[in-house]
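There are 2 protein chains.
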Amino acid sequence: MAQIHPNLTITKSGISLIKANLHQAPLFISTLEATKQEVEEEIALGVKVPIPKDMAGGYTHERHKKNFFILQKAGNLFQITGDKKYAEYIKEVFMAYADMFPTLPLHPTNRSYATGKIFWQCLNDANWLVYCSQAYDCIYDYLTKEERHHLESNLFRPFADFISLENPRFFNRVHNHSTWANAAVGMIGLAMHDEELIERALFGIQDDGIDPTMVDDDGGYIKVEGQKKAGFFAQLDYSFSPDGHFTEGPYYLRYAMSPFLLFSKCLHNSRPELNIYNYRDGILEKAIYSMLNETDANGLFFPINDAQKGMSWLSREVVGAIDIGYHDFGLDPMLLSIAEKQGKVLLDENGFVVARDLAKGMATPFAHKSIAYNDGADGKMGGIGILRANGDEGDEICLLMKYAAHGMGHGHFDRLGYSLYDETGEVIQDYGSARWVNIDQKGGGRYLPENQTYAKQTIAHNTVTANEISQYQGSVKKGDANASTQYFFDASNDDLQVVSAKDDKAYPGVEMHRTMLLLKDDNFRKPLLIDIFKLTSEQENQYDLPVWFLGHLLSASFEYEKEATSLTTLGSDHGYQHIWREATGHSDKESTQITWFGKRKFFTLTSATDPEDELIFVKTGANDPDFNLRYDPALIHRKKEAKDALYVSAIESHGRYNPVSEISSDPFSGLEKIEVLHDSVDYTVVKLTGKSQKTWTIGVANVDNDIVSNHKVKLGEKMMSWTGPIMISKTMNQ
Amino acid sequence: MAQIHPNLTITKSGISLIKANLHQAPLFISTLEATKQEVEEEIALGVKVPIPKDMAGGYTHERHKKNFFILQKAGNLFQITGDKKYAEYIKEVFMAYADMFPTLPLHPTNRSYATGKIFWQCLNDANWLVYCSQAYDCIYDYLTKEERHHLESNLFRPFADFISLENPRFFNRVHNHSTWANAAVGMIGLAMHDEELIERALFGIQDDGIDPTMVDDDGGYIKVEGQKKAGFFAQLDYSFSPDGHFTEGPYYLRYAMSPFLLFSKCLHNSRPELNIYNYRDGILEKAIYSMLNETDANGLFFPINDAQKGMSWLSREVVGAIDIGYHDFGLDPMLLSIAEKQGKVLLDENGFVVARDLAKGMATPFAHKSIAYNDGADGKMGGIGILRANGDEGDEICLLMKYAAHGMGHGHFDRLGYSLYDETGEVIQDYGSARWVNIDQKGGGRYLPENQTYAKQTIAHNTVTANEISQYQGSVKKGDANASTQYFFDASNDDLQVVSAKDDKAYPGVEMHRTMLLLKDDNFRKPLLIDIFKLTSEQENQYDLPVWFLGHLLSASFEYEKEATSLTTLGSDHGYQHIWREATGHSDKESTQITWFGKRKFFTLTSATDPEDELIFVKTGANDPDFNLRYDPALIHRKKEAKDALYVSAIESHGRYNPVSEISSDPFSGLEKIEVLHDSVDYTVVKLTGKSQKTWTIGVANVDNDIVSNHKVKLGEKMMSWTGPIMISKTMNQ
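Listed in order, the protein sequences are those of chains W and R.
Note that the first sequence covers residues 1 to 734 in the working numbering.
Note that the second sequence covers residues 1 to 734 in the working numbering.
Some hints could be false.
Since the list gives no way to pick out one identical chain from another, each pair is judged satisfied if it fits inside one copy or across any two copies.
Simulated crosslink set (EDC-like; lysine to aspartate or glutamate; CA at most 16 Å straight-line) [what the hints assert, rightly or not]: (1) K65 - E662; (2) K66 - E662; (3) K687 - E199.
It should be emphasised that the hints constitute simulated quantities derived from the structure, not laboratory data.
Required output: the full structure, derived from the provided sequences and hints.
Okay, structure coming up:
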């Protein structure tokens, strides 16, 4: 193998292409100019390599973090512009690190399961090496052999050994942390032509001797039972489902994508014989698209598991995924429209081609799809179902239902939960994580205690909590070992899309079966979400199904007593201790409604109710000594002393309000009521009645999900028959 | 006077101008086309004049409301296009009203102090006549003499008599309701050439025999003591301060502007000898500009008194004010930029000229000014002070301080209160009104009980409540009779703008003096609000000063105990019954800080504190049986058993957070502390200390507000001297 440099993320031929055609790519030019200015400001400040001491947010942390980003950029600038000042700066900074590193002890904070040297955790050290490898590759030929030897023997090789051999619990996991570690070791190995490091990166450390009970800072297990492999190939094997879903969710996938794609890109350039892009049937490309599909209409990631809301495909990490995804995976013009929104590109051949093709007007809008993803490396750990349908104004209603695996240390106990979105964002929310990332005042930006005690608990999600105890009794180990099961998914009919899943492990002795439908119908301005949640048990249980609606309650069709002068908590554990009980209601009617106002829109929840049910209005914020929680409302539908139970409801977006004209349009629901016509082991049949007595009858075959099976249910005098797991029948103007 | 038609809001010469130059005014053309479509859709539906029965929001109400808007538009379309279908439609609708009106009883709802016939309140009937007069004027010459006689004797004249002679309590007030009534009677009088109606409109009914204790639906008095005049001139005399401020506030001024401007426009066209635009030294022009200046950076009206937030200069009513304001009051190019945002114009000469000049590129941005407005017809009832200063990114901080009269039935007990805005809207909020205008689910869109029990009360505002009792003990009568006094206002120095006011009537025996400053300084990225609130009393009082910050609390520099498992109300009356006490803290330090996060920005309140002070975190929402209130947070700074007291604080906007990059910039305050150096009857001197020991010392002369007076205060060894009521002295890098 010839020792050509650069050959990691950028290549000689790529540089030639860029230089010859720069004028074709205005977005590349503007990114280039902005990067020059940024890097030159840093060069003007001089070399700053302080002795590490601070946590994230503190000076030394932020300084070293800035260093590696700037070095990588300076490397690309050197290659593109040929200006040696960039190379010289990189050399000087590396020399300062090489002076410091040999005698550097562990970072003094000692607060991580894998404490780093430059940073408080090895993860950030690995970030450093991923970016610095690229800078080193860019100036490899600029340095003398002696300089290279000095840097490699005093800095890069010992650095790589530190984050691997000296920290196997960090290096040898299947986890996004370890992906960074593998990529870091592999990329510096490629830059140094160090086959041992490359081998270690790809296949892991053979005998790591890790204690199987050890957990990381987030409570995730280091070792997964029965999993023997480690290294980058193992990450590719185990991190994704066969269709590219990432079990920790898209917020974390965004973060993990960088090392996956950067190292793969390097291998693609330097080790084409590995054919890495086709590995596992093209898993990297699938991962890129699963990440993009697991977003709302504006590209904000669904906040599955521990995720901070507001993160989107505009983030720095996704710029790389879009540019490499476009260049190396088929020039999909939909990716160009995302690149345009990002407003910047990678300073390499990928980014250049994106900018050039954007300038050619080749972009088409990204079309979000209704799609189901499996979870688990074998695709057998449940999954998620995403249903999307357009409203009457080109707007969108999007359902995310989750019946996936636990998501490891970042997982939430939210089996059969869902969240609902419209074209502006959340309608029925997932709490996300109790964390204010990089906001120092909130616990230094780390996960807050309430993340464990509230955000992860079942009651914080739009699914049933039985007996005021979280699913799997809140055990990550049990959660990791089990998943729900997809029962049925069909998005082929735009007018009636269905996702249905079952779970009998989250609550031993309780079978849960939830079917959610997105109904498009001329009688409703927006797609209607219909939710049929069936519980079966031989024991009596209390079931709580919350709807965490985002907005202000306008009206309820039932009587309730609101607490006037004192509030108390809804319970004492499993998240209930964080919830204030605001009002308690009951309904005599078989169907009840609440209407709320949010985002200048009107929404209505219509639910089938029994007179014994409690309808409890709550808000979060109790037992929250540091004001860490948001104060969010929900309606909890409680069924007490129930063995079997059936929740049936619909959520409708039906009107708008304009505060300038002060005009409400369609402030009332188009539904009159919801009834249960039949509920047995085999079948559930419900009826929705709208204005003018129009009706929609929906049947679910609860046991047989074969799409060719025929079903019959007797409803009074009438026999209802259909084929396949779901039936809908409409009656207009009776 | 020749009987020329049309000659109310549009004129023959205006129509000629429009027809000859239509192509020059694209915005006029687009408004014209949209209006044609709207009116033709209504014509296609046929004449709909139902027997009145519904409240606002109900069918007959909305139908009749739509009728008068469409008729006015149809009239203009007839004049501009010459198409007789519009005139014929107007005639048919009028004939249907003329058939119905003679036998129409009072509206069956009977829920207003002045029940109408077509609508539930006379106010809406007056709206009907204001718009229908214009339509009648447009088709006057199209009708036969017999038809005119029929309409005038069966519909218009009895209609005008009904809302005036038969409802003097509605017609003969000085109030926005009566302005509509006066305009309605005057405009139909002009259209019919009925001098008696015109006279009645201009000068009122001479002997109205109204009971002086009578109140309207909002609790406002019908008669103001000592006020003898009525009619349109009286409205012009008493509704505004000499500089154009409207005592009910800009939200209501927006609504009242329509009859003021429409009737004035008619008089300007038909009775030029009245010289109405110069009446009271040009009060109408001043009113237009006070309305536009009493908005935030985006043109949203300050929610003074009963006002629904979100209403802005984009509203329908302001379209008229901008177009007439531009055409008739000096062609101010700043108004064109607002017209451009409104995206539509009046279908008359005013709107045409606006659209034409916009197309010529003559618009300039509307420059909001720092300005003080007096209140009261004589300008002696206090006022409001508005200070605005730009930040480092062209952004804005804007303070509104209120020391005005009560605002009649819509007034709040908020003397010496303030609200704070930035370029995106509210930072420190005024609650506004407890009302959801036209949202049926919330009490039919009317004022809710909580408007009286909470929104109007002093504790709902950013000013001091003494002894848990609202100002003036919550008496509208006492509030109406008194105002605070401006002590000093100076916005001439962009780096230090000041507003200062006093009040000794709101709490008998308590003298309140508040001085608020907007400081622009290179040491702060945004202008800093400094608040010096001095209270003097011979009795011991409890003082509560809330800061209704909009956002989520991030940190507090003092210890507090947050209620973990139960919440109770802060008090039992005067709004306190609606407030949950969430946490109570104390500080040993002479200065404390809280930092909150809102609108993706960081804000810090720094306050001088005594160890005996209570620092109480609260939220609204108690005693709110129907979920009518928002759940908003505040910090209440409580001083107990205090005679004299001094509150000194500063509010700083100092940083941002980007949820996509997850980067916080400047999350910490630039202030270290605030100290009181001196506080006596004559002088108050406070010191703010920033980072690196930079200091700002501010002196207030409490008694002598003469700008040429010299002042001296001894501070330890140092003598501080200055001229005028306010002094600031900076010390950098001591």
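- prompt: Is the C-alpha distance from K687 to E199 at most 16 Å within one copy, between copies, in both cases, or in neither?
  reply: For K687 and E199, neither the intra-copy (61 Å) nor the inter-copy (65 Å) Cα distance is at most 16 Å.
- prompt: Is it within, between, both or neither when you check K65 against E662 at 16 Å Cα-Cα?
  reply: between (50 Å within a copy, 14 Å between copies)
message: One pair to classify: K66 and E662, alpha carbons no more than 16 Å apart. Within, between, both, or neither?
response: For K66 and E662, the Cα distance is within 16 Å only across copies (14 Å; inside one copy 49 Å).
In terms of the numbered hints stated before, the structure departs from hint 3 and from no other.
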